[in-house]
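Using the sequences and the hints, build the whole thing.
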Amino acid sequence: MDKAISQLVFTIIMLMFFIFAAIEATQFKELASYFPLYLSLVAIVLMVIEIIRQVINLKKGNEEERAELLHPHIGAALIYSGILILYAVMVYVIGMVLASVIYVFAFLYFIAKTKLWKAILITAILIGAVIGFADLMNLYWPKSLINILTVIFV
Amino acid sequence: MIEVAMEALRVVLDPSRILYIFLGVAIGAFIGVIPGLGGTVGMAIVLPFVFGMDPFTGMALLIGMIAVIHTADTFPSVLLGIPGSAGSQATIVDGYPLAKKGEAARALGASFTASLLGGLIGGIALFLAIQIARPLILSFGSPELLMLSLLGLSMVGVLTGKNPKLGIGAGLFGLLLGSVGAAPSVTEYRYSFDILYLQSGIPLPILALGLFAFPVMVDLVAEKQGSIAKEAKIGSGIFKGVKETFQHKFLVFRSAVLGAIIGFVPGLGGSVVDWISYGLAKQTEKNTENFGKGDIRGVIAPESSNNAKEGGGLIPTLLFGIPGSGTTAMLLGGLTLMGVQAGPRMLDQDLDLTMSIIWTLILANIIGAIACIFLAKYISKVALVQAEILVPILLVILTIGAYQSTRHWGDIILFFAIGIIGWFMSRLGWSRAAVLIGFVLATPIERYLWISISRYGSGWLTNPGVIIIGILITLIVIGSIVMARREKAKGGPTIG
Numbered sequence: 345m346d347k348a349i350s351q352l353v354f355t356i357i358m359l360m361f362f363i364f365a366a367i368e369a370t371q372f373k374e375l376a377s378y379f380p381l382y383l384s385l386v387a388i389v390l391m392v393i394e395i396i397r398q399v400i401n402l403k404k405g406n407e408e409e410r411a412e413l414l415h416p417h418i419g420a421a422l423i424y425s426g427i428l429i430l431y432a433v434m435v436y437v438i439g440m441v442l443a444s445v446i447y448v449f450a451f452l453y454f455i456a457k458t459k460l461w462k463a464i465l466i467t468a469i470l471i472g473a474v475i476g477f478a479d480l481m482n483l484y485w486p487k488s489l490i491n492i493l494t495v496i497f498v
Numbered sequence: 158m159i160e161v162a163m164e165a166l167r168v169v170l171d172p173s174r175i176l177y178i179f180l181g182v183a184i185g186a187f188i189g190v191i192p193g194l195g196g197t198v199g200m201a202i203v204l205p206f207v208f209g210m211d212p213f214t215g216m217a218l219l220i221g222m223i224a225v226i227h228t229a230d231t232f233p234s235v236l237l238g239i240p241g242s243a244g245s246q247a248t249i250v251d252g253y254p255l256a257k258k259g260e261a262a263r264a265l266g267a268s269f270t271a272s273l274l275g276g277l278i279g280g281i282a283l284f285l286a287i288q289i290a291r292p293l294i295l296s297f298g299s300p301e302l303l304m305l306s307l308l309g310l311s312m313v314g315v316l317t318g319k320n321p322k323l324g325i326g327a328g329l330f331g332l333l334l335g336s337v338g339a340a341p342s343v344t345e346y347r348y349s350f351d352i353l354y355l356q357s358g359i360p361l362p363i364l365a366l367g368l369f370a371f372p373v374m375v376d377l378v379a380e381k382q383g384s385i386a387k388e389a390k391i392g393s394g395i396f397k398g399v400k401e402t403f404q405h406k407f408l409v410f411r412s413a414v415l416g417a418i419i420g421f422v423p424g425l426g427g428s429v430v431d432w433i434s435y436g437l438a439k440q441t442e443k444n445t446e447n448f449g450k451g452d453i454r455g456v457i458a459p460e461s462s463n464n465a466k467e468g469g470g471l472i473p474t475l476l477f478g479i480p481g482s483g484t485t486a487m488l489l490g491g492l493t494l495m496g497v498q499a500g501p502r503m504l505d506q507d508l509d510l511t512m513s514i515i516w517t518l519i520l521a522n523i524i525g526a527i528a529c530i531f532l533a534k535y536i537s538k539v540a541l542v543q544a545e546i547l548v549p550i551l552l553v554i555l556t557i558g559a560y561q562s563t564r565h566w567g568d569i570i571l572f573f574a575i576g577i578i579g580w581f582m583s584r585l586g587w588s589r590a591a592v593l594i595g596f597v598l599a600t601p602i603e604r605y606l607w608i609s610i611s612r613y614g615s616g617w618l619t620n621p622g623v624i625i626i627g628i629l630i631t632l633i634v635i636g637s638i639v640m641a642r643r644e645k646a647k648g649g650p651t652i653g
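Heads up: the sequence lines are chains A and B, in that order.
Residues 345 to 498 (my numbering) make up the first sequence, in order.
Residues 158 to 653 (my numbering) make up the second sequence, in order.
Hints are computed from structural coordinates only; laboratory data are not their basis.
Computed from a prediction, not measured in an experiment: that's the story for all the values here.
All C-beta atoms in this analysis are idealised placements derived from N, C-alpha and C, irrespective of residue type, glycine included.
Among the clues, some could well be false.
Derived EDC-like pairs (lysine to aspartate or glutamate); straight-line CA-CA distance at most 16 Å [said to hold, decoys possible]: (1) A:K403 / A:D479; (2) A:K459 / B:E545; (3) A:K347 / A:E412; (4) A:K373 / B:E345; (5) A:K457 / B:E545; (6) A:K462 / B:E545; (7) B:K406 / B:D351.
Computed, partial: chain B to chain A, Cβ under 10 Å [stated by the list, open to error]: (8) T344; (9) V375; (10) K406; (11) L541; (12) I550.
Written out as structure tokens, the structure reads:
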């Protein structure tokens with residue numbers, strides 16, 4: 345993925361965000377609107393200048409600058425981002441402890457390619473430490489679908 | 158002042174707080190040793206857990222961690238030739254050649270001692286700054302504090318990013334994110350879209366975790382960092398390095414003072430402090446022909462300055478409430494989570510807390526350096542941990558940490574959503590530190606603005622302090638844009 349194009353797309357997204365923030369700010373009570381409204385307006389001006397500069401640069405663009413990539417391993421980065429997000433989905437569906445056990449073990453065994461005993465050992469130590477620490481610090485666990493269904497049906 | 162300092166020392170030496178300093182030091186050492194992590198990520202991980210702690214204990218944990226990161230980050234720099242954090246890049250230049258010559262222990266011994274002395278000098282600089290700046294800071298009103306906040310934010314914006322306009326844009330983005338939730342001047346929920354979760358604003362730990370920790374995890378696993386070397390031999394001679402550092406005491410002092418001064422300037426520090434002190438050592442020392450080939454002074458200079466920088470960086474953070482980096486922004490947020498407001502109050506009502514921070518900084522540097530010297534053989538093994546093993550472990554800890562912010566599922570969703578934005582920002586050269594600092598400063602800036610207008614009308618704009626700081630901001634912004642253009646004309650690196 346071309347870095348210069350990605351930069352332009354991201355700057356346009358930011359411009360849209362600032363425009364949205366400015367429009368939304370006009371709906372607030374007068375005193376609450378000044379701060380976000382003026383910030384957004386300054387940001388919009390900056391982003392427009394920056395987008396024009398980037399478009400001119402892209403048109404002139406030398407080969408070296410165009411060859412720069414967003415990430416040297418973009419495919420891997422996107423896949424791993426998805427794998428990290430999968431953990432959140434698992435926590436929501438089956439709960440924190442069970443999701444962590446399955447996820448950490450699977451990650452270590454299938455992605456990190458650690459030996460089976462090592463994957464089991466690291467998972468056990470991590471989960472033990474997390475449960476102990478959570479107990480010590482009175483931490484809260486995220487509620488899962490199973491928790492919610494249990495409360496409803498049992 | 159001395160009485161308050163002694164009372165603060167007594168508070169810090171309480172066994173429960175010493176325990177938290179040790180915990181902070183242990184976490185900091187671990188974070189420092191792992192290449193690719195660093196102070197900001199470490200802070201993001203620990204921050205959610207300080208919620209509800211008393212400020213003295215919470216600060217013991219946070220400062221304990223920050224203080225030793227630049228001590229422990231020497232391990233990968235010297236042993237593997239990979240910077241442990243942004244502040245230890247210059248150490249590689251002479252540290253790694255020393256390790257290749259079989260003198261890794263000597264380099265590490267010198268580095269830990271230089272870090273210890275640098276950290277102490279940084280702590281003393283913070284103490285002296287309080288004595289000198291106290292009358293001046295206590296005379297500041299809301300207009301001056303507003304302008305100082307804008308000065309800090311614009312400096313971070315133009316100095317931390319690769320493109321000043323994007324840096325300022327990132328700061329504005331942070332300010333807007335900080336305005337989500339209840340408005341300070343009137344009853345109004347802004348950008349909450351009738352979602353209950355957003356009515357109390359975006360939690361700082363979530364923003365910090367998303368912006369800094371998530372991108373690191375993706376890059377660690379995608380780029381397979383941290384698994385480059387198979388072994389890291391230390392050898393013997395660690396105390397030879399310790400002795401040599403004392404022999405170069407003037408170099409240590411010079412570099413540490415320089416580090417504290419650079420740390421004081423918002424937006425500087427971080428990745429430049431080590432290079433500046435290395436360059437200065439090379440220019441001012443005699444017989445520099447071995448610099449770059451394994452000269453011990455090339456290790457001592459950057460290591461003295463990067464630890465001293467932390468003390469210097471705390472001066473604007475604590476005294477003005479202006480963080481100069483992502484790490485200090487989170488520290489400031491941590492103080493807010495514990496019910497303390499940084500700024501002039503830290504020299505008045507909360508002076509005891511400020512003093513306890515100085516003591517913690519000093520103690521953590523001593524504990525960290527001693528632990529690194531005596532446990533070097535064991536700690537160094539952490540640097541060899543495969544990145545793929547580390548990532549799922551970090552993910553579990555971060556997700557639990559994220560959920561502690563408001564104990565709402567919104568925390569976890571927001572963590573991943575901001576994480577993706579943070580990843581793009583990190584790849585495209587947008588300053589994430591500026592976003593975070595903008596976020597932290599949003600409420601104080603709006604409050605100072607509101608107080609200035611309601612109390613002085615437009616008259617505050619003619620205050621001498623306001624005019625001077627305003628001119629400074631203009632000069633910095635215009636100067637940085639002109640310099641960026643010149644750099645580009647010379648063929649220097651630019652983004653987009």
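Hint check results:
Distance restraint check for A:K403 and A:D479: the Cα-Cα separation of roughly 59 Å exceeds the 16 Å cut-off, and the hinted pair is therefore not satisfied. Between A:K459 and B:E545 the alpha-carbon distance is near 13 Å, which keeps this suggested pair within the 16 Å criterion. A hinted pair counts as satisfied when its Cα atoms are at most 16 Å apart, and A:K347 with A:E412 qualifies at roughly 6 Å. Between A:K373 and B:E345 the alpha-carbon distance is near 7 Å, which keeps this suggested pair within the 16 Å criterion.
A C-alpha spacing of about 9 Å is found between A:K457 and B:E545, which places the hinted pair at or below 16 Å, so the restraint holds. With a C-alpha separation of about 13 Å, the suggested pair A:K462 and B:E545 falls inside the 16 Å cut-off, and the hint holds. As the CA atoms of B:K406 and B:D351 are separated by approximately 61 Å, the hinted pair breaks the 16 Å bound. The beta carbon of B:T344 is positioned within 10 Å of a beta carbon in chain A (closest approach about 8 Å), and the interface hint is therefore held.
A hinted interface residue such as B:V375 counts as satisfied when its beta carbon comes closer than 10 Å to some beta carbon of chain A; here the least separation is about 5 Å, so the hint holds. Below 10 Å, beta-carbon pairs count as interface contacts, and B:K406 has none with chain A, the closest being about 42 Å; its hint is therefore violated. Annotation: B:L541 was flagged as interfacial toward chain A, and the flag is violated, the nearest CB pair being 14 Å apart, outside 10 Å. This hint holds: B:I550 has a C-beta 6 Å from the nearest C-beta of chain A, less than the 10 Å allowed.
Comparing the model with each numbered hint stated earlier shows that hints 1, 7, 10 and 11 do not hold.
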